[in-house]
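For reference, the chains in residue letters:
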Amino acid sequence: MSQYRVSGRGRVDTSRAVTFTFDGKSYRGVQGDTVASALLANGVHLMGRSFKYHRPRGAIAAGSEEPNALIGTRRGAGRFEPNTRATVQEIWDGLETSSQNKFPSLKFDVGAVNDAAYMLFSAGFYYKTFMWPRSFWDKVYEPFIRAAAGLGVSPTEEDPDHYASRNLHCDVLIVGAGPTGLAAARAAAVEGLRVVLVDENAEAGGTLLSEPQARIDGKPAWDWLAAELEALKALGVKVMTRTTAIAYYHQNLIGLVEKLTDHLPKLPADTPRERLWRVRAKQVVLAQGALEKPLVFHGNDRPGVMLAGSAQTFLNRYGVLVGKRPVILTSHDAAWYAAFDLQDAGAQVQAIVDTRADVDALLLNEARARGIAVKLSHTATATSGRLRVSSLRINPVAGGTVGSGQEIRCDAVLMSGGWTPSLHLFSHTKGSLTWDDDRTTFLPNNTPEDCVIAGASRGLWGIEAALADGAEKGRAVVEALGKTGAQVAYAVEADRPGTGVSHKELPTDLSAGKAKAFVDFQNDVTAKDLRLAVREGMRSIEHVKRYTTNGMATDQGKMSNINGLNIASDALGKKQPQVGLTTFRPPYTPTSFGAFAGYHRGEHFEVTRKTDIDSWAEAKNAVFEPVGQWRRARYFPKPGEDMDAAVRRECAATRASVGIFDASTLGKIEVVGPDAVEFMNRMYTNPWTKLAPGRCRYGLLLGDDGYIRDDGVIGRMSEDRFHVTTTTGGAARVLNMMEDYLQTEWPDLNVWLTSTTEQWSTVALNGPDAAKLLAPFVEGVELTEETFPHMSCVECTVAGMPARLFRVSFTGEIGFEVNVPAHLGRKLWETLWDAGQQYGITAYGTETMHVLRAEKGYIIVGQDTDGTVTPYDCGMGWAVGKKKPDFVGMRGLARPDLQAKNRKQLVGLLTEDGSKLEEGAQIVFDPKQAIPMTMVGHVTSSYDIGTTDQPIALALVAGGHEKMGETVYIPMPDRTIAAKITSTVFVDPDNTRLKI
Amino acid sequence: MTRFNAFNLLKNAMSGHKNWTEQWPDSQPKSEYDVVIVGAGGHGLGAAYYLAKEHGITNIAVIDKGWLGGGNTGRNTTIIRSNYLYDESQRLFDHSVDLWQGLSQELNYNVMYSNRGCLMLAHTVHDVQSFKRHVHANRLNGVDNRWLTPEECKEYCPPINIAKDARYPVMGGALQERAGTARHDAVAWGYARGAAARGVDIIQNCAVTAIRRNAGGSVAGVETEKGFIKAKKVAVSASGHNSMVMATAGVRLPLESMPLQALVSEPVKPIFPCVVMSNAVHAYCSQSDKGELVIGSGTDQYVSYSQRGGLPLIEHTIAAISEVFPIFNRMRMLRKWGGITDNTPDRSPIIGKTPVQNLYVNCGWGTGGFKATPGSAHVFAYTIAKDEPHPINAPFTLERFRTGRLIDEAAAAAVAH
Amino acid sequence: MLLIHCPYCNETLPEVEFAYASEAHIARPAKPSDVSDEDWAEFLFMRSNVKGPLYERWRHIHGCGRFFNAVRDTVTDKFLTTYKAGDPRPDLSSLTEGLK
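Protein chains in written order, with the numbering used here: chain A, 11 to 1006; chain B, 1011 to 1427; chain C, 7 to 106.
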């Protein structure tokens, strides 16, 4: 057995050895150890280096509040994480751990020169220097500061693990499975309520795990605990360990993170590493307990100086003596018990040094009985030892005067400055706090949430008080849920409630400037830094915190907030509440990104919507692009083709014979009802009254500000029924807008709106052969110019499938859009594909669609418009029903700036040198002007891979409609391109190709 | 005021730092001021500083309901850039970047302005078009911003995933090298110290309850928790509370205040060299000098002053970070917090005069106010002093919501600020 | 994440089912063309943005699809009530009374 392991103590299984490495060296621990307890069992206290001064540090605590003992943990490739708390990470065979923030080694770290320059690196020193010369900040100072800062190193590989999340509803959620939480759980569970009890530790029990001496209802604490957990489970309580309540959100939504694999030697198949639980509880009991406070004195950070309660935990829970010759330094009774436990386990306690003059006679007697020297009314003024504490210097204090010091040789200093209630989750609820002068701590007051706080987290010390309060608050919760709870009492023997006093920094005989008395261990904030901040005018704890970084380390102030507040208050001469408490912010402990990301990684980052035809495109090696949540085929390259070559071929084929295009992603809304036409008149700019059933029209939708929001072809299927199409990305937005006006402005209109986007698959055929190809499959209408002219729509049958057939064109060619029930999309597509072979049918994607429509001057909302464009700007005044009394956007269009001259208007551009313009390129009238230039517009669309004999572009140009034929300039980085303003229609301006 | 420099630092170090003096006094209100500024954030303190320094007006009070710098100044992700789309925005934000460059020296306070560059990733064809439009517009305005290929993006910021099969593959990026970050608190402190040294009173923990007007309608002063304070001019820049303060003067604003969350990871050694913004995926990340990844989250959908914010947004934000930077999935979130953002319909600020004579407002910065701090403060001071806008803030009027002459960066580019 | 009571479904459901729809009781003028530029800007853009009980609209977008009104305290984010679109604006004093 390791040198510091105590047989017969602890809850670890000493019969099962576990081997792990720390900084490459192999160590043996036992099943149930954390990295910290196993290293301590091997006599290793030095576990890390501090943030700023690179001072050697060991574990100060035994739990998740640990600020010092942060290590890197690794499990093979991809599974590395920095800043893991050695006091939380359980060991398993093969675990690799490493220390951080040191070079070249933990024992010899050159970064420790910062420590020597301690006087220079005072609080706020960054703000006062590094300003000269000016250019040095980016090049010299900042890189140096950045390299020195940080703790561990970032992972560099992709995480191979997966993460899960789940929702959970319950009557009562209890956070913390110590005596308070257990008693509350029982109170709720016996009434038949659904109870969830969570604890961040590997096992439930809280304080009870560290206090085996206590007896509850006549049973030894651990026996009672085991029986109670069994009983609770039998009552249906869901007990979750290794589960941290990270944050408290609105209306009793609590986020839990459950760690599932980090403690296992072998990763089970298909088990997530962590699971995020979103718990919605009717009532919440917060029983998070209390945290022990360090004492603030010179050298309080040396490895081997730790919290007395934590030493007790290491002994009683892990069977590890943190030192064989410890000295106790305390202002609270609690540490006396640590002394007794360690002494009884074989350590030789060198002394109990208490800052108080009066201590309970029972404690004094117990110490005397064990032969432990007691020093009352003493302070500590220094420690010594390079990488491990070897002595504590103590001085008597009388009448405020510090007497001469005396060294006590030791191998550990166990300190206790009393306890601070854990108010973190309570604070997340925006709960208010009150200051308790006696206990020198904040206590919970009111919260807007349905939540109670119980036990040590509201300042009640000892197991009996915890059980009683847990039972009482449990009953309160039961009653809040409409049941009558029973009174329950617990009898506790050998309880250790205790009292104590609180300190700012301990009195010292050192000159104040010399003392390195740490408050925030990880961030190297000393008492002197806090006082300097106050001296410099920082009057609130918020300023002091930000100026010194006190409380901003990875323990989030668990070790430092109250000590910091006490010192700052003293420096300001004010009461603590007047100086304030910095808000506790979520998460309670640092939480893996993976737990939040959950399932939403890789291809599941966001849902990918696919059409029924998508699988065909994939089989044909289409290249896809994301459009909104959809993925759309961008082009269909043949072997050896790049995008330009493929698009050129697709464009040419569509103009020459027939192209086929998956238009299923277009948004579709069914507008139905007796008032459908009136509704359409009010929503869209166009007039709809005279549109006959069986005909369709291009519709423009504005916002009430007068700017274009969306567009699409709209078919009137019958008197009271419109088939509205929208842009792919705009479907949901348009439907929401329509519903808004319908429900809240015009509730008198009898109209129903239904999203039908996913009900239809839409196959578009375009090209001179489109009608020939399609006609044989269509039953119910003849595809001639007379019977089914351009802009017609009909319900019919296509290839035996029920269909809505539109004759529309977004290419300038004869065009049809065939809508069939969504699941028949691919069947229709393949039918037409096979039949189209005789015409050389070509599948095209969105890129070709963009080119062909641009050649005809058809706009794409969002590309040729940008939210600041009116119909008139686009030359689409024809789409505005000027005789209508009102439509959405009509009044907006009349505003002064929308009526102003010289607005940017959509025009075509042809470059003089035949080069292609870049989309987004800016346009000027005077190319010779100096920068900053007066820009008059920009290129919105530009293509050189279509069917025109020169590249074409669309652009918004100030006053462009009045400038036909004039030359504008596009200054590029290497040259300026001249272009002539033209019509936006480059192909077939007379629409002759639309005729069958 | 003790000047900050290496010599004084060393000298004070030798004397145990006992001789540093307070950076600003804890002032109590006088009965009357030439200018009362409501809101002691970066914008308000900065305006006081420039009024004193450039316009010779020193009889000023900056009043805050809490501690100076306790609002959005101390709650943001400190991104600074000026690669906006419209000329008006570019001028405003680039003016700010110009001032950022020399701000540490100007204030004799190291605000740690770090020219580390801001890379905006394009994930869709639409993004590419939009960002190239920005790049070209910026170039002709003399604002630096250039286009990078996916490979160049990766080279500039190695943690970026440029895999072609990503859900939203990186199709390129727009890089502004002059962009960067700064130490947010230091900006408030630096301006406070500079303003106080020129005689400005900084009055903390004194809520302004109303703006009082004269019979003729012009501003008379402010009612506060500590009584009435007479003022010739009142300027409001109380982000998160502008609507309420201005309503007491009868001025309605086109604002909605939404909660915005942000978070940091545990600190690690340098891994992330610049600022990266991915609007399509909603990932905004940089690494602080302390080593924390600083991550901007989204705005909750509803009006709220609770500074709380919801869990779904955090889940989405972290998923976005893991999507764009997969190596960070095992990193841990250390702390998250919320602020209140005042959003205008066109996502551009309002800086200027109001219908009430001698009442001025600087508001509506949405999620992007920090970057503008020096520039906004500078032109706001000009506007207050001259009772007319500086040419740079002239377009950012309240009046534009009547005429329709909006500066719609959001609609134009779908860019979060 | 808020819990919201839909007055149409008569169920209290998580916020992810709902879409916020800004301030309530801002009626679109019956005859917009008769309205001045100032009044149109007021209708389009000006919002009370109250710190305290705010009359606002939500849509049960992933449920019944209905728009409804709510009064919510923007300081605590607590709903004081929700009610159907078209119902009269509830009296604030009666709501806050109930809260106490």
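Be careful, since some hints might not be right.
[To be verified] Below, computed lysine-lysine pairings styled on DSBU-like, alpha-carbon distance capped at 35 Å: (1) A/Lys1005 - A/Lys990; (2) A/Lys62 - B/Lys1164; (3) A/Lys493 - C/Lys37; (4) A/Lys149 - B/Lys1028; (5) A/Lys914 - B/Lys1279; (6) A/Lys276 - A/Lys243; (7) A/Lys700 - A/Lys493; (8) A/Lys276 - B/Lys1028; (9) A/Lys493 - A/Lys524; (10) A/Lys585 - B/Lys1300.
Treat the hints as calculated values from the structure; they're not laboratory data.
Against the structure, the hints:
Taking the CA atoms of A/Lys1005 and A/Lys990, the gap is near 31 Å; set against the 35 Å cutoff, the hint holds. Between A/Lys62 and B/Lys1164 the alpha-carbon distance is near 31 Å, which keeps this suggested pair within the 35 Å criterion. A threshold of 35 Å between alpha carbons decides the hint, and for A/Lys493 with C/Lys37 the separation of about 57 Å lies outside it, so the pair is violated. At roughly 32 Å between alpha-carbon atoms, A/Lys149 and B/Lys1028 fall within 35 Å of each other, so this suggested pair holds.
A C-alpha spacing of about 50 Å is found between A/Lys914 and B/Lys1279, which places the hinted pair above 35 Å, so the restraint is violated. At most 35 Å may separate the alpha-carbon atoms for a hinted pair to count; A/Lys276 and A/Lys243 meet this at roughly 27 Å. The hinted pair formed by A/Lys700 and A/Lys493 fails the criterion: a straight-line CA distance of about 67 Å is larger than 35 Å. Of the supplied pair hints, the one linking A/Lys276 and B/Lys1028 is violated, its CA atoms being roughly 57 Å apart against a limit of 35 Å.
For the hint pairing A/Lys493 with A/Lys524, the CA-to-CA distance comes to about 61 Å; that exceeds 35 Å, so the pair is violated. A C-alpha spacing of about 31 Å is found between A/Lys585 and B/Lys1300, which places the hinted pair at or below 35 Å, so the restraint holds.
In summary, the numbered hints that this structure violates are 3, 5, 7, 8 and 9.
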